[in-house]
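Here the protein sequences line up with chains A and B, keeping their order.
Position 460 (the first sequence) corresponds to 460 in our numbering; numbering is contiguous.
Position 352 (the second sequence) corresponds to 866 in our numbering; numbering is contiguous.
Do not take every clue at face value.
What follows is a list of derived Cβ distance ranges for each label pair [stated by the list, open to error]:
id, chain 1, residue 1, chain 2, residue 2, range
1, B, Lys-673, A, Lys-151, 27 to 35 Å
2, B, Asn-716, A, Lys-367, 26 to 34 Å
3, B, Thr-734, A, Glu-392, 25 to 33 Å
4, B, Gln-702, A, Glu-7, 33 to 41 Å
Here are the simulated BS3-like cross-link-like pairs (lysine-lysine), alpha carbons at most 30 Å apart as the crow flies [said to hold, decoys possible]:
id, chain 1, residue 1, chain 2, residue 2
5, B, Lys-665, A, Lys-153
6, A, Lys-448, A, Lys-471
7, B, Lys-665, A, Lys-100
8, A, Lys-259, B, Lys-584
9, B, Lys-584, A, Lys-151
10, A, Lys-151, B, Lys-799
11, B, Lys-667, A, Lys-153
12, B, Lys-799, A, Lys-153
To be clear, the hints were calculated from the coordinates, so they are not data collected in a lab.
Model, not experiment: these values are computed from the prediction.
Ideal Cβ positions, reconstructed from N, Cα and C, are used throughout, including at glycine.
Protein chains: 2
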Amino acid sequence: MRETFSEISPSDFFYRNRDLAGFTNPSRALYSTVRELVENSLDACELERILPEVYVRITSYDSMETVDPKKYIIRVQDNGPGVEPEKVPEAFGKVLYGSKYKLRQSRGMFGLGGTMAILYGQITSNKPVTIETSVDGIKRYCYKLMIDIEKNKPIIVEKRIEDGRGLHGTVVELVIEGDYLRSSTKIQEYFKHTALVVPYANITFVDPNGRIFYYLRTTTEMPPPPKETLPHPHGIDVEFMRRTIRQSNEETLAKFLSKRFHRVGLKTAIKFLQYTGIDPNRSPKSLTEEEIVNMVTAMHRYEEFLPPDAGCLSPLGENILAAGIVKELAPEFFTIVARPPSAYSGYPFIIELALAYGGKMIENGIKLYRFANRIPLLYDEASDVSWKVINEEIDWKRYKIPQEAPIAVIVNISSTRIPYKTVGKEYIADRPEIEREIKNALREALRKLSAYLSRRSSEEHEKKKINMYLKYLPLIANFSKELAKKSRPPNYKRLLSSGEYEGEQKRIEEFTNS
Amino acid sequence: MRETFSEISPSDFFYRNRDLAGFTNPSRALYSTVRELVENSLDACELERILPEVYVRITSYDSMETVDPKKYIIRVQDNGPGVEPEKVPEAFGKVLYGSKYKLRQSRGMFGLGGTMAILYGQITSNKPVTIETSVDGIKRYCYKLMIDIEKNKPIIVEKRIEDGRGLHGTVVELVIEGDYLRSSTKIQEYFKHTALVVPYANITFVDPNGRIFYYLRTTTEMPPPPKETLPHPHGIDVEFMRRTIRQSNEETLAKFLSKRFHRVGLKTAIKFLQYTGIDPNRSPKSLTEEEIVNMVTAMHRYEEFLPPDAGCLSPLGENILAAGIVKELAPEFFTIVARPPSAYSGYPFIIELALAYGGKMIENGIKLYRFANRIPLLYDEASDVSWKVINEEIDWKRYKIPQEAPIAVIVNISSTRIPYKTVGKEYIADRPEIEREIKNALREALRKLSAYLSRRSSEEHEKKKINMYLKYLPLIANFSKELAKKSRPPNYKRLLSSGEYEGEQKRIEEFTNS
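Between the sequences and the hints, there should be enough to build the whole structure, so can you do that?
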């Protein structure tokens, strides 16, 4: 008996292992489909600085009486820049083909999500996906596609050109087996969380029962669009170096390094090469394999490179986050901490953290809202680095915050590379650099909350005192009147009219003397 | 500005996203490399029923003085069946090419692990991997390979044929950047856990300091080799049905279903087709797309199919597990529960659970040993279904087991498809069927442990009683002697000689009367 070997296509791999991408069961699949398509829409709009208008509709494909799991039609429509018509088939019908394989912050990362949703739809419903897209509002290209999973190739079932009606953007419509009964809570939570960090978008969601949920724009300020960046020397490996050398046309190593790597100017390049003992004037292509390895090792160890510049990142910014918090949580108090940029293994990242307290919408206990590049993360909370920081590394007692206080913690990490542990993008690995930044941000926010609470409690204390005066002063005044045999009591009301209590003692003396 | 699209190879995908496969950092990568290569060796031996002899050596490639992370040579050698020489380049140098894309229980599942280790070695050391393999002991094929990551193709750097010296099996040797300082604990734990469930293997591990660890065979009994199986109707999807129809040559649907699906005989096939309203005599290839979808939906809902047969699975069996427990844990008491086969979404699985208590090697508190198809799972314990059952679903007080009792819980799940959530195979998703089986197994084991403990405590109680008698009886006897003015006390010793306490009362009466 001999082992038989076979090759499978990447499409086939993810078809067989769809759990890995968050398509575990009909409930999770419905959620993941909505999320992946909405993310693609928001990414596309933001890259072109278009204020997003996203319309999402889930309708029952089977009769309304059929019980879950059953087939649903999912339609996601945006006003983004659209997709070039000739790219449509591969962009939507081929796994590992996409626009996200660059060093740039985006919600998507693996270039898989949208195609996985289409693939899942196909294997559960056998229906083609419909893509309608217009880049100019003049022509609208309408495709019906299937995926040849074994070959990882799109099959064009139908192609039509319509009038663009002046609208640019993309519509994706597919049929999948889903379970709305068991996923509706997560889907609604997803929209609510998204609205919190994307207050510059209008999002409309129509559920299978025809109920309409609006998440309306409350600001027109948008975060700066993310930029592509060069790789930082601390984050590269031998394979990358070999590829880069192969593509290079620079004559000297010094020029090569300064042109192809982030934070390496000509001066730094020469200094670094002298440190490694390689002649800066040699041609990159003359390096032996051994020299390449040594150079990469030296690049990791050399500490004179400046840390990655976060200019390519697109954090939310305080205004946008504040607008989102006021809109979705309406707290009694909130504070936002934006940490300075930091880096792990050559990738820049920024932590933004907000603490919101009290009000009518925040329930008792600590509720964590996690975001990575503005995607809400809703599953596997306990495996996330933020959860770890909140529950294991902060001494809450130090901040004198009562156990069951109504608190929301919002954490957003922006990076050219989020260290997810699953393709399904559920949680962030506990890289020490990230952990440290979250911890520092949380501590700072907690100090502010703590100060607010103690100020509030002393204000409450003062209020109580005033209330007491309010109760007894008339009696005392009356008593004094009778005692002094006057016809009118003294005017004690002016004692209570002012919010300034510093003069209190003096005024009480005045009163006593009157 | 237009989005640019590009395609990447599967090799490139996993190169960019190596975190997904457990190659997050030098420490984790060293651990994952050892594990993936050892698993491949054990899988190969077990499939051919060869008692495994596995030799693993990690040596420092850089000088011993260099601090971690640094380069290590990893060598894994087995006495398995070897790999056909012409398959070697692709089997080791191409992602998504392998022997594991079938419905059969094996440690490997994604067909990725070994190649990922080689890929990681290449990108961190730029050294080719060495493969030596012999299927017959006559000729030994020696390859040096690199991977062209962008094309996902092996590059043969060197090929040699040597004398096989009568030995079949495979040797893999590669150089990677690793961190032994930070991974040694996990690596040793990995071997210890493996020895627990593979007591029929000889495993030798030589660490970078030259220390040798032996994990010796204590039984020659091996589990039955896993068999390939047909898919169960409950576990299939439309894509699978279309592929199967395309490959089919059966003339009628009834024959088609009975030949291509697990647990579907001709009679069941006809009954099922009548239920769906499709003529059993139609040709499979005549089905419309709509009919295929309806048939698949009906297959999921039809409840008359027998559940999947677990005959294709290879659980450990009580003898092997007992041998492993005695060898590695030497407990005071242990009990093994093998649950009957069960199934989730058409995939059969079997839970084996052991509870070990006390002895010198088990520390206080509950220690969980998780295995899936005999792979130890060491990371992300708190996300695993077994952890959930132990910590959230069992009322330990009910079993009267003290809080900090020294307990080891060993859970092994065998299945043709383990529902992992990551390619790194760290933890098992909480499918309700699996959760239920683990819960039932644990309850049964806890009842036995509880019975043992209460028996032990009543034995201890009896011992105490006897000790008390032993102390006072001579005094009472002497006192009686003096009271009765006899010269010799009554013979009380026979009261203590017997372990049977039922007659105690009677004997005491006798004594009193004597």
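For each hint, the structure was consulted:
Between Lys-673 (chain B) and Lys-151 (chain A), the C-beta spacing of about 31 Å keeps the proposed range 27 to 35 Å intact. Here the CB-CB span from Asn-716 (chain B) to Lys-367 (chain A) is close to 53 Å, at odds with the stated 26 to 34 Å. Separated by about 47 Å at the C-beta atoms, Thr-734 (chain B) and Glu-392 (chain A) break the suggested range of 25 to 33 Å. Checked against the hint of 33 to 41 Å, the C-beta distance between Gln-702 (chain B) and Glu-7 (chain A) comes to roughly 36 Å, which is consistent with it.
Distance hint between Lys-665 (chain B) and Lys-153 (chain A) is fulfilled; the C-alpha atoms sit about 17 Å from each other, no more than 30 Å. A distance of roughly 34 Å separates the Cα atoms of Lys-448 (chain A) and Lys-471 (chain A); the hinted pair therefore is violated under the 30 Å criterion. At roughly 19 Å between alpha-carbon atoms, Lys-665 (chain B) and Lys-100 (chain A) fall within 30 Å of each other, so this suggested pair holds. A distance of roughly 28 Å separates the Cα atoms of Lys-259 (chain A) and Lys-584 (chain B); the hinted pair therefore holds under the 30 Å criterion.
Of the supplied pair hints, the one linking Lys-584 (chain B) and Lys-151 (chain A) is violated, its CA atoms being roughly 40 Å apart against a limit of 30 Å. The hinted pair formed by Lys-151 (chain A) and Lys-799 (chain B) meets the criterion: a straight-line CA distance of about 21 Å does not exceed 30 Å. Restraint check: the Cα-Cα separation between Lys-667 (chain B) and Lys-153 (chain A) comes to about 20 Å, which is no more than 30 Å; the hinted pair holds. For the hint pairing Lys-799 (chain B) with Lys-153 (chain A), the CA-to-CA distance comes to about 23 Å; that is within 30 Å, so the pair holds.
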